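Using the sequences and the hints given, assemble the complete structure.
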Amino acid sequence: MGSVVQAMELVMRPDVLVAIILASAFGLFVGAIPGLTATMAIALLVPVTFFMDPLPAIGAMIACSAMAIFAGDIPAALLRIPGTPASAAYADEAYAMTKNGQADLSLGSNLLFSAIGGLFGTAVLIVAAPTLAEIALQFSSFEFFWLCLLGLTCGVFIGGNNPIKGLISLFLGLLVACVGLNNPAGVPRFTFGNVDLMGGIDFIPAMIGLFAISEIIRYLISDISAVGTPQEVIGNLFKGWGTMIRKYWRQQLRGNITGTIVGILPGAGADIAAWVSYAISKRFSKTPEKFGKGHLEGIVESTSSNNAALGGAWVPALVFGIPGDSITAIVIGVLFMKNMNPGPTLFLNHPEQIYAVFVIFIIANLLMVPLGWAAIKGSKQILRVPRHILMPCILMFCIVGSFAINNAIFGIVIMLAFGVVGFLMEENDIPVAPAILGIVLGPMVEQAFVTSMIKSDGAALGFFERPIAAGLGVVTIFVWISPFLVPFIKRALRPAAQA
Amino acid sequence: MPGTAWAAWPERPITLYVPWAAGGGTDATARVIGTLLEKKLGQPVNVVNRDGGSGVVGHTAIAQAAPDGYTIGIATVEIAMMHWQGLTKLSFADYTPLALMNLDPAAIQVKADAPYKTIKDLVADIKKNPGKLKASGTGQGGIWHLALAGMLTDLGVDPTASPWVPSKGAAPGLQDLVAGGVAIAACSLPEARSLIDAKRVKSLVIMDTNKSTLFPDVPTLKAETGSDWTMGAWRGIVAPKGLPADITKKLIDALDSIYKDKEYTGFMGKQGYGIRYAGGDDFLKFWQDSDKSMGVVMKKVGLAK
Chain A
1 MGSVVQAMEL VMRPDVLVAI ILASAFGLFV GAIPGLTATM AIALLVPVTF FMDPLPAIGA
61 MIACSAMAIF AGDIPAALLR IPGTPASAAY ADEAYAMTKN GQADLSLGSN LLFSAIGGLF
121 GTAVLIVAAP TLAEIALQFS SFEFFWLCLL GLTCGVFIGG NNPIKGLISL FLGLLVACVG
181 LNNPAGVPRF TFGNVDLMGG IDFIPAMIGL FAISEIIRYL ISDISAVGTP QEVIGNLFKG
241 WGTMIRKYWR QQLRGNITGT IVGILPGAGA DIAAWVSYAI SKRFSKTPEK FGKGHLEGIV
301 ESTSSNNAAL GGAWVPALVF GIPGDSITAI VIGVLFMKNM NPGPTLFLNH PEQIYAVFVI
361 FIIANLLMVP LGWAAIKGSK QILRVPRHIL MPCILMFCIV GSFAINNAIF GIVIMLAFGV
421 VGFLMEENDI PVAPAILGIV LGPMVEQAFV TSMIKSDGAA LGFFERPIAA GLGVVTIFVW
481 ISPFLVPFIK RALRPAAQA
Chain B
1 MPGTAWAAWP ERPITLYVPW AAGGGTDATA RVIGTLLEKK LGQPVNVVNR DGGSGVVGHT
61 AIAQAAPDGY TIGIATVEIA MMHWQGLTKL SFADYTPLAL MNLDPAAIQV KADAPYKTIK
121 DLVADIKKNP GKLKASGTGQ GGIWHLALAG MLTDLGVDPT ASPWVPSKGA APGLQDLVAG
181 GVAIAACSLP EARSLIDAKR VKSLVIMDTN KSTLFPDVPT LKAETGSDWT MGAWRGIVAP
241 KGLPADITKK LIDALDSIYK DKEYTGFMGK QGYGIRYAGG DDFLKFWQDS DKSMGVVMKK
301 VGLAK
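Chain order of the listed sequences is A and B.
Using this note's numbering, you'd call the opening residue of the first sequence number 1 and step up by one each time.
Using this note's numbering, you'd call the opening residue of the second sequence number 1 and step up by one each time.
Don't read these hints as lab results, they were simulated from the structure.
Relax, there's no trap hidden among the hints.
Here are the computed lysine-lysine pairs in the DSS-like style, where the Cα-Cα straight-line distance is at most 27 Å:
1. A/Lys338 - B/Lys199
2. A/Lys247 - A/Lys99
3. B/Lys299 - B/Lys120
4. B/Lys168 - A/Lys338
5. B/Lys270 - A/Lys338
6. B/Lys292 - B/Lys241
7. B/Lys305 - B/Lys292
8. B/Lys134 - B/Lys202
9. A/Lys239 - A/Lys377
10. B/Lys262 - A/Lys338
11. B/Lys249 - B/Lys285
Please read these numbers as outputs of a predicted model, since none were measured by experiment.
Given below as structure tokens:
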């Protein structure tokens, strides 16, 4: 209990609270601007966190991501353009409600269920993470090897519709991860004798490039000057909250659970959670014919889901150092910088910091209600900011941020190169998420593999000798061969069905 | 003062390069020295992290800066090791050594419930079963790897009898020790501190002439085995080669008084970091000795090129 009290004291400090509120405002703004994603908001926040103590830095990132995911709903409802990809699943639905004159109802439900979903994800994080950490303390490199491999596998198979494109992206990430000296043998790879490349490709400038610079390039070649201004008058947002909770408690709970699970899986985050939940909602609805015409049911389920995914993604991030989504991929980098190396020992060494993270999650989701209300009321002004002013500002942030990571021009070079790569990838429908997972998990897989092989004196069977490792290994291999097994199973079942 | 152009030094802010990431032990040490240096010299000292390539990137940045006293850096023990591996050509000859400020001796940790009572028990087991007891604590050829290999060599045991499992630093190595993945973790006592306090691991020996103030119960290698082998990770403030003598003297004097400052010793004591001082030529001598013994061990375990 002492740790909980200590955690409250850590969080209830003016610098932490100010950081949370400012980051919330930033998150709401970035999330509400179409094209600017929650991941990008976090990537732009990283250089600012350099100058903060660990807790304000982490608080800022938690609050910023939660607000951005919610705020993505605002332009989705008002303009039919999702503010972040996480709102894409129900943008049509929400816009249809707006056209029916129900903008206040739609946005009000977004606000209410985003907050509840976020709190649900937090509850799962609070319960699951310390328990898992106790188990993870027994994990050696054998278990970590399979865990990382499972993460990479999930990234490819969950991330998109096309596993081949997912694999292309993943291998690109793994190649990038090979560069430098920081491999188990300490041998320079792909460095071409360049001292900067010996240090490897820094992940944060690469992320800024992939997410922000690519968007700037996209803006440059398109000629959208403004996204349009919403005309609607928004009434009382809190109207009907009680009825909604009673009427849709089942959808909401299902959305929360789905979202948290998708969040925990590496490589899949809030956007995929929303799509899955919207599909589930339609599938199990008593009135599926109403979907797409301005029906609240699907919105409730998927808007709960995408915010629940945020808390879920922190579970593997804190316990194993394996990101649950692209946001936590960046968060892990910052945790390392702040000397809070994620992993089971963090729970042992600094329980008060872990509890402080939980407290911040709760505060951020509660703050969402008043701040979100203000953002919806001010949405006309936010959406009116002209692009030709906004984009240069973002570019400036990107350059400063990439330089500040290691105080080197090389960071800017990485950022620009990855901006072009990210742009080309998106233009060819190659998902970016598996590449990020490759960059983050690639070194971990290699490290775990090499150390395991040394420990088992080169015997590959060592990967199956410890019970948990064997279990994880079987699951991973099963996921790999399942696409090939499906046709066989279908064929085997068909004659039986005919008979 | 009219006269030489250097008379007014320092007349603008000084940059202090750290070849490791923000948040680590080297960064913390550099920042406290930077703050105190600012007070002594009356000019801002900006601590700049240049991480990457196991320290190659940052050490290169220090060596390549202009020797005008406005760029200095904190060199770490890796600078005495990397040139043996052929990763860089840089060595003590490329810097102006100013002052050694810190030394953290190597220590040997085993699981708290391991059957070994003393370092002798452990070494006997390594000797009896070559290849069985794996060790970890840093990357391949890292400082703790060499500490263990050098200790075994000095005790007449083949250093490869305890195969090294590379890890990304002491923390993951210690975690693997707790998880049962390896039998031995070599690292400094402050790095093992929280797990020793949590009674998950125990420390058998410290490779230094004196006992640690942090854990005075841990015996020295000399007391346990009679071996003279010592090894530790060190950090010192350096400047690029060719720093003018008057600036060198001013900096060494400032660092000398910082070392005696309560703020410095208090900070280092709180963190559990060991302190050791050697100024100017003494530092050079220490550095050369460290370089030489690294070379011997690295050749022995087949790491030197």
